[in-house]
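With the sequences and hints as input, model every part of the structure.
Protein chains: 2
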Amino acid sequence: MAGGGPKYEPLERTTPPEPSEILVEERLRRIEQVVGGRTRTLTVVLDQLEDAFNMAAVLRTCEAMGVQDVHVVRNPEVTFQPNSTVTQGCDKWLDIHRYETFGECRAALKAGGFSIWVSAIREGATSLFEMSFDGKVALVFGNERHGVSPEVLAQADGVFWIPMRGFTQSLNISVAAAAAITRAVSWRLERRGPGGDLAPDEARELTRKFQVLSVKQRKKLYRGE
Amino acid sequence: MAGGGPKYEPLERTTPPEPSEILVEERLRRIEQVVGGRTRTLTVVLDQLEDAFNMAAVLRTCEAMGVQDVHVVRNPEVTFQPNSTVTQGCDKWLDIHRYETFGECRAALKAGGFSIWVSAIREGATSLFEMSFDGKVALVFGNERHGVSPEVLAQADGVFWIPMRGFTQSLNISVAAAAAITRAVSWRLERRGPGGDLAPDEARELTRKFQVLSVKQRKKLYRGE
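If you read the sequences in order, they're chains A and B. With my numbering applied, the first sequence corresponds to residues -1 to 223, in that order. With my numbering applied, the second sequence corresponds to residues -1 to 223, in that order.
All the given hints hold, so there is nothing to weed out.
Any copy, or any two copies together, can satisfy a pair, since identical chains are not distinguished.
In silico SDA-like cross-links for lysine to any residue, where the CA-CA straight-line distance does not exceed 25 Å: (1) 207 / 168; (2) 218 / 167; (3) 134 / 161; (4) 90 / 168.
Hints are computed from structural coordinates only; laboratory data are not their basis.
Encoded structure:
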């Protein structure tokens, strides 16, 4: 078109840009990759933990290993405040579900179809290495000093232990959780191949959520926060 | 013999009592059980760690999982002083070998017939889940902040990584060590059954050592230390 100078697109749009329009290709691919490795059929319950380092280390292990949901039963004496030097901010990529009591947590998990397996050293406990991770499995870890309560044990579908063979009678909880999560992930890897198991709609929803979080993170970085 | 009152055995013995004469049956059985679960063909190298919690957590995992030998390469800036709240004294049941440099440590391990596998995230690293733990294997974990040095990588027989699939790019070292040691133990368990792999003379020697340590521990308890 001749004359009248250049024409500009209006600056205002009727809809805000989609996160996928703002993020660079590399970031979008990374999100896709992480979502592809995620599972919602393996989950971890932290029952009344008290140590900020342990909480943080377990969250970081979950995030790194593709476990999307973590369930936290409140310790009445301690605020759930994972050590941020250890989490390195990974908690924002997780869904952390909070409960006042183990009963509430159990009800939610049972409604979702989970078997609830408690980590404890008990006569007749199943070896971690003999467990099946085929269905929906929730792994419960109790308080660092007191372990899980008799009430929690009574409400569980099973008790498992990590076979120990030393004078040491217990593992640090971040270590126990790491051993159990890694075992579950490798069990599935060997039987189903790599990758997560989200349904297409779950994957779409999580992709969208990670994109929004990534935009927020980018903005924070720009502002120098 | 009649008359002359009762006769007593002399109080002095020509040889001191054996630890096995002093310890109760239960303790002797426990020692036998632990020795039966020990291995000297799987070992861990801690290369220039700096965090006392991490050092302690790894030692506790090794002791609990039956790994008898731990190799420590000195960090020139930090004394190797594992946090005793975390170790809970387990280090006395281990053989901790100390070196000034990784080169010295490597030489000792190679002389013992070990393959040296370094934990690092590198292109082409072997997945932990694809590793064989058939022979003598040493697993090396590097400094928390700097990882392993290029020099260590160059001297290794292989590099392995724990397949991660989250935004988190690294695991805490106590978590990584727990994942790797548990994997190695379960790998052998599935192929060889439970139990350790000490030769009869190694088992005798270690039994004797654990008995002596148990007597010392008992004396300490009596003195209220």
